[in-house]
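Participant: Here's the letter readout for the chains.
Number of protein chains: 2
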Amino acid sequence: MARIEYPAEVRALVSELKRLPGVGPRSAERIAVFLLQSPKASPRELSGALQQCAGIVRACPTCGFFTGESGCAVCSEQGRDTAVLCVVEQPTDVLPIERSGVFRGLYHCLGGRLSPLDGVRPEDLRIGELVRRVRDTPGAEVILATSSDVEGEATSNYLSDVLSSCDCSVTRLAQGLPAGGGLEFADELTLSRAFEGRR
Amino acid sequence: MARIEYPAEVRALVSELKRLPGVGPRSAERIAVFLLQSPKASPRELSGALQQCAGIVRACPTCGFFTGESGCAVCSEQGRDTAVLCVVEQPTDVLPIERSGVFRGLYHCLGGRLSPLDGVRPEDLRIGELVRRVRDTPGAEVILATSSDVEGEATSNYLSDVLSSCDCSVTRLAQGLPAGGGLEFADELTLSRAFEGRR
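Order-wise, the sequence lines are chains A and B. Each number in our numbering corresponds to the 1-based position in the first sequence with 23 added. Each number in our numbering corresponds to the 1-based position in the second sequence with 23 added.
If you are wondering where the hints come from, they were derived from the structure by calculation, not from laboratory data. Mixed in with the good hints there might be a few duds.
Just so you know, same-sequence chains aren't split out, so a pair can sit in one copy or run between any two.
Below, simulated SDA-like cross-link-like pairs (lysine to any residue); rule was C-alpha separation at most 20 angstroms, straight line [stated by the list, open to error]: (1) K63 - R53; (2) K41 - C98; (3) K63 - L212; (4) K63 - G142; (5) K41 - S123.
Source: prediction; values computed, not measured.
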């Protein structure tokens with residue numbers, strides 16, 4: 024006799040939910056059942072929000088940040104210093120920098136970082152667009168804000184080389200102790216960089 | 024100056040995702056960004072699966088299990104013993120029992136359990152439907168398979184009372200040591216029930 028399963032529609036939903044990051048088979052089932060029977064659930068609203076996002080949200084052709092119907096919130100904002108470009112790996116890196124309030128220039132999202140092991144080569148990133156933007160802004164300052172791990176460093180090194188022929192100054196974010204972090208929690212590499220960068 | 028945020032469409036998606044069980048603000052953002060930019064993501068498929076579920080999946084009017092377009096997989100299955108009814112709290116309780124392969128009768132999902140504190144009264148559960156089914160099947164066996172916690176027990180007691188006027192035998196799932204569980208892991212209540220139910 025056939026084994027009883029959820030209806031095909033529910034199984035299709037579970038298998039789509041399972042593909043989301045951080046959602047395993049059990050939580051996918053839990054979420055599906057919640058969406059099906061909880062009075063607090065709104066599967067149609069979630070479905071609509073997904074449709075909207077898939078249909079409307081794009082990467083800004085200039086900076087690579089997410090843009091909706093109202094255009095790029097960063098590029099279109101008045102009063103930003105257009106002569107300073109902060110280069111980040113992902114559009115998601117923009118918000119933490121914005122929250123810090125310390126940077127008032129424009130961004131350039133690469134869309135990733137160089138990673139030969141994962142098959143990410145320079146032509147897979149938005150590096151050509153970066154060079155074009157820098158050429159169009161003589162005397163610009165470019166702040167490389169990639170991660171401070173091996174691949175992020177390699178990406179920064181590569182960009183420094185590429186940009187050396189342009190009329191711009193290239194800086195990198197400082198490395199050292201995180202604010203509020205005691206010495207006992209700092210790893211050796213962080214400590215050695217904090218010493219190198221002492222001032 | 025306005026603070027930079029994700030576009031309205033992305034924020035709407037994040038706020039819908041945050042309402043799912045086990046998904047906090049950070050994972051909602053992570054899932055939204057994955058859906059927006061990962062080549063492995065399929066937001067339209069997820070949206071479609073949600074629409075399908077919301078539009079098609081219902082509770083079976085007889086047993087309360089989920090039914091899709093193909094009808095109730097349990098009620099429509101040939102060869103089940105229609106004289107035995109297993110009463111469970113939720114439709115999700117059906118699959119674990121089916122997986123055990125030990126039960127070949129029909130189910131009745133109550134849609135919850137009695138809980139005065141949460142305002143769940145007898146008329147909020149599918150108890151009237153249960154009584155009707157039992158009356159329509161003279162000599163039926165009703166197996167009460169509610170949880171073995173206080174509210175599940177109270178629900179079982181209530182159902183026993185209600186069904187006492189019907190022509191049916193009412194049993195409950197045995198309580199005792201879980202299979203493979205050593206005595207050292209058993210709590211006092213489980214042990215005392217294992218002693219009471221010894222055979």
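Participant: Now tell me if each hint is right for this structure.
Facilitator: Hint-by-hint comparison with the structure:
| no. | hint | result |
| --- | --- | --- |
| 1 | K63 - R53 | within (14 angstroms within a copy, 22 angstroms between copies) |
| 2 | K41 - C98 | neither (36 angstroms within a copy, 28 angstroms between copies) |
| 3 | K63 - L212 | neither (48 angstroms within a copy, 34 angstroms between copies) |
| 4 | K63 - G142 | between (43 angstroms within a copy, 16 angstroms between copies) |
| 5 | K41 - S123 | neither (34 angstroms within a copy, 24 angstroms between copies) |
When held up to the earlier numbered hints, the structure conflicts with 2, 3 and 5 and fits the remainder.
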